[in-house]
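Colleague: Spelled out from the first residue to the last, the chains are:
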Amino acid sequence: MMNTVGHIWRWLLSLMNRGRLEREMEEEMRFHLEMQIEQNVASGMAVEEARYTARRQFGNQTWLKEASREMWSLRFIETLIQDLRYGARMLIKNPGFTLLAVLTLALGIGSTTTIFSAIQNILLDPFPYKDASRVVAIQIHDTSSSRPGGRSWFQAPEFLDYRDQSHVFEEVIGFTGDDALYDSGDGVERFFGGYVTPNAFSFLGVRAQLGRGITPDDARPSAPPVFVMAHKLWAKRFNLDPTILGKTFTLNGTPTTLVGIMPPRFIFYDADVWIVRAMERGDSRANRDYWIFLAKLKRGVAAQQAQADIEVIARRLAQVYPDSYPKNFSVQIISWVDSLVRQFRKALYTIAAAVGLLLLIACSNVANMLLARATAREKEMAIRSAVGAGRMRLVGQLLAESLLLALGGAVAGCLFSYAGIKGLALLRYDNFIPGEAQIRLNLAALLFSLGTSVITAALFGLAPALQTVRKDLVEPLKGAGLGAGAGFRRGRMRNALVVFEVALSLVLLSGAGLLMRSFVKLQQMDLGFNPENILIARLPFPKGQYTTAAEKQRFYEQLLSRLRALPGVVAATETITIPPYGSIDSEIDVVGKTHNEKWQAMFQLCSEGYFSTLQLRTILGRTLSETEVHGARKVAVVNQTFVNKFLGNEYPIGQKVKINMLESMPDSPVKDPIFEVIGVISDARNQGIQESPIPEMFVPYTITRAFGRAIMVRTSAPPLSLLNDVRREIWAVDRSVALTLISSLEDLLKRYSYAEPRFTLVLMSVFASVGLALVALGVFSVIAYTVARQTREIGIRMALGAGHADVVWMVLRRGLQLVGLGVGVGLLGSFAMTRVIANQLWGVSPRDPLTLGAAVAVVALAGLAACYFPARRATKVDPMAALRVE
Amino acid sequence: MTKVDILQGTLDMLVLKTLSHDPMHGFAIALRIRQLTDEVIQIGEGSLYPALYRMEQKGWIKAEWGVTENNRRAKYYKLTKAGRKQLEGEVASYGRLTDAIAKVLQAA
Chain D
192 MMNTVGHIWR
202 WLLSLMNRGR
212 LEREMEEEMR
222 FHLEMQIEQN
232 VASGMAVEEA
242 RYTARRQFGN
252 QTWLKEASRE
262 MWSLRFIETL
272 IQDLRYGARM
282 LIKNPGFTLL
292 AVLTLALGIG
302 STTTIFSAIQ
312 NILLDPFPYK
322 DASRVVAIQI
332 HDTSSSRPGG
342 RSWFQAPEFL
352 DYRDQSHVFE
362 EVIGFTGDDA
372 LYDSGDGVER
382 FFGGYVTPNA
392 FSFLGVRAQL
402 GRGITPDDAR
412 PSAPPVFVMA
422 HKLWAKRFNL
432 DPTILGKTFT
442 LNGTPTTLVG
452 IMPPRFIFYD
462 ADVWIVRAME
472 RGDSRANRDY
482 WIFLAKLKRG
492 VAAQQAQADI
502 EVIARRLAQV
512 YPDSYPKNFS
522 VQIISWVDSL
532 VRQFRKALYT
542 IAAAVGLLLL
552 IACSNVANML
562 LARATAREKE
572 MAIRSAVGAG
582 RMRLVGQLLA
592 ESLLLALGGA
602 VAGCLFSYAG
612 IKGLALLRYD
622 NFIPGEAQIR
632 LNLAALLFSL
642 GTSVITAALF
652 GLAPALQTVR
662 KDLVEPLKGA
672 GLGAGAGFRR
682 GRMRNALVVF
692 EVALSLVLLS
702 GAGLLMRSFV
712 KLQQMDLGFN
722 PENILIARLP
732 FPKGQYTTAA
742 EKQRFYEQLL
752 SRLRALPGVV
762 AATETITIPP
772 YGSIDSEIDV
782 VGKTHNEKWQ
792 AMFQLCSEGY
802 FSTLQLRTIL
812 GRTLSETEVH
822 GARKVAVVNQ
832 TFVNKFLGNE
842 YPIGQKVKIN
852 MLESMPDSPV
862 KDPIFEVIGV
872 ISDARNQGIQ
882 ESPIPEMFVP
892 YTITRAFGRA
902 IMVRTSAPPL
912 SLLNDVRREI
922 WAVDRSVALT
932 LISSLEDLLK
942 RYSYAEPRFT
952 LVLMSVFASV
962 GLALVALGVF
972 SVIAYTVARQ
982 TREIGIRMAL
992 GAGHADVVWM
1002 VLRRGLQLVG
1012 LGVGVGLLGS
1022 FAMTRVIANQ
1032 LWGVSPRDPL
1042 TLGAAVAVVA
1052 LAGLAACYFP
1062 ARRATKVDPM
1072 AALRVE
Chain B
2 MTKVDILQGT
12 LDMLVLKTLS
22 HDPMHGFAIA
32 LRIRQLTDEV
42 IQIGEGSLYP
52 ALYRMEQKGW
62 IKAEWGVTEN
72 NRRAKYYKLT
82 KAGRKQLEGE
92 VASYGRLTDA
102 IAKVLQAA
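Top to bottom, those sequences are chains D and B.
Take 192 as the starting number for the first sequence in our numbering and just add one per residue.
Take 2 as the starting number for the second sequence in our numbering and just add one per residue.
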């Protein structure tokens, strides 16, 4: 220890006395030399000879000084500082190279960090809740369905069975969404009410920003009704007014006290307000609700273990509640995140793969540039080595340069990433991720991309030091690198890198191309209905009112006739679901037909205007008439798929179809729900835009009071411009009806159906373009370098009579070879890679020849364009000048 | 690796031993060792001066400017206490090493 302190002390002293020490060393060596000369003279040499011999004996003075200096310094730190300073100077002296390398690295680091940060913050750690990583949901998946996912909500008895019979859960909470209609005195507003089991807030473990969360005491029968408000509603509707805490609000007709306001990140299923709702067996209210089931796994219980435990219970419960389970099902324990992001996970992974490729391209490019520079610096290295720089010094210095480059890339990459994260938000993907997720620059993600580039830079930055290892100092000093033989191995390395880059970029481009074609097809696809100029709104009725089908009918009859009378309204209808999603699933029977498996169809409850509003095409017979709707007649219009699937070759009109679900539903069952088919319409998408339609029936909405209702209004002007008129008409019929989820159908489609494919497409396109630009740069630098090396050869050829065309061809041939090889490898890679994105393609084969062909053409063109400039420069070679170089 | 270690340690030991009686300058050290070993060991300047600076840095020797018999300014190196201790240690371990090597050679 003392020794080390003394050492450092002497080093500090020597630092201060550096000048004196240098002088003393000089003097000491001069003294030594003179003594040597004297001795040589004394032994009989002539003065000149003595001097010469002494010098030769003494050897390389610079090296000696260098070695001696190292003895009185803390070499490591001092050399490092010196190396960094020198490296910085070298980089500043080549601003073009430095800028390009830093920019390339920054692009790679920036995009990788952005995407990996997004994945970290969306998929791995989105929630602010306590132990959220242990929270799981149960999903009942219908194995006969082509779609992934399944039911993850349960009615109260089933919910409680799962909770009470399972052994793997520490605690279970339930959530069910419902309207919370707020009567402010001026009118009724609809809040999205989150009804939660009494233990929900302690389970989530987030403290309220103001006041308190919900406690189990709030659920006691004698407890006063209370609620907790979301930050977003507090900000949007109440201007962050803290004095509303403790006030009483009329929610669903009940005076309810606001006891707490949650912090912004407490989103919990996007509710505006949370209200406690006890779930007890035999409670009819709770039995009607569908509850989301969230459970915290006991510590140390793995998902598989939980799955096995729940599987047994599910098989048992399928016997108890046969209507709720498909014939063949599997039980899946999925993480809470997965229950929210579903398919979006795959999209994110695709993007991550793409960005990984981009990082590889960027790194290869920088490697390439460093190798090119290595060749240019052969002479410098040889000189430095010859005048006494040790191998470790050269390596250290090159490392320092690489490190500076990588750091520059990291800083710029951070800026890119910051901008990238802002840019991501523009893609409106917020509907697919947990609302709690906050995308921030993630340190681990940054370190990963930084690490990759530092390793690349360090590895390839060392190339110039290789020659000193080979001790090949004479060659570069003599020939200045114009011969054909030197640097051959490195040339091959660079070519391989370019081929690799071209291949990667082709993979990226074909991926982006496929997604683009898929997206275009999706947008061009005929949905079967016309979504333009349609205004939609859900109309929740106040609690306790409109409890019969007749009351609902009275409201809608008045409303629809008023709406139709509005100028600018073309058609209007009642509906229960908004396209492209069809309505209620039911088992059906066609009278007089027997079948072994269950027949499933959807049925829509609508008014006569439904068909003209959506502009559905009638194929056979007619659509619902006003009389039939008013009279709640049991007639039905069916879609084409229904006919194909259930009626075969028989004439559809007059067939009688029984909708079993209407008879069995607990809420106001319909007796003898047998409907006569009066017409057939063409298919319209009813399972989302990507899935082909399933059988669907359209029946008068007046036959039951069940289900929430909405309106769709076809307008001749932009739909939202009629919003105030529509609202006025609604309130003219009844002031207590709220309007919610107001939107145009087109906007809804954009946000929910097209946003996800668009997200993947946009990002893939950006990455593919950047990749292509980098590759063009890579090809350019290799070809330009080759031309520079071949200046003499070109000169000779031209002197011997080669024309411009010959020279251009000579250069292009080289580029074509590299690009061609890269394209070949890339095509193989594409075949492998595109299979990964197959599940995100729609209507396009992952080996679509047109797309792959176009991608090849683009890469090849970019490659050739990159060869063009060096080729042109080659033709400008002056044979005389080229030959005179040596 | 072993070879280098032995050589380096040996050089230090020889230099320290040479300095154990009187202070000397670099040229004299090299000369003395050459003479004592009948020119078997010739220490090059490239090894000698870095070794001297290293040992000075470690505190085994101390440098002072002095004047030679011919009235020339020269840097004289002197053994310090720590240097003497170091020399003793090296001589002892060198003795053990040569003993050991001799035993092997005799056995063969």
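Derived from the structure by calculation, the hints contain no laboratory data.
Misleading hints may appear alongside valid ones.
[Claimed, not checked] The calculated DSS-like cross-link candidates involving lysine-lysine, where the alpha carbons are at most 27 angstroms apart (straight line), are:
id: 1; chain 1: D; residue 1: LYS256; chain 2: B; residue 2: LYS76
id: 2; chain 1: D; residue 1: LYS256; chain 2: B; residue 2: LYS104
id: 3; chain 1: D; residue 1: LYS570; chain 2: D; residue 2: LYS256
None of these values were measured; they are calculated from a predicted model.
Colleague: All the hints need checking, so say for each whether the structure fits it.
Modeller: Hints and how they fare:
Among the hinted pairs, LYS256 of chain D with LYS76 of chain B is consistent with the structure: their alpha-carbon atoms are about 16 angstroms apart, no more than 27 angstroms. Taking the CA atoms of LYS256 of chain D and LYS104 of chain B, the gap is near 42 angstroms; set against the 27 angstroms cutoff, the hint is violated. This hinted pair checks out: LYS570 of chain D and LYS256 of chain D have alpha carbons roughly 23 angstroms apart, not beyond 27 angstroms.
The structure fails to meet hint 2 from the earlier list, while all remaining hints are met.
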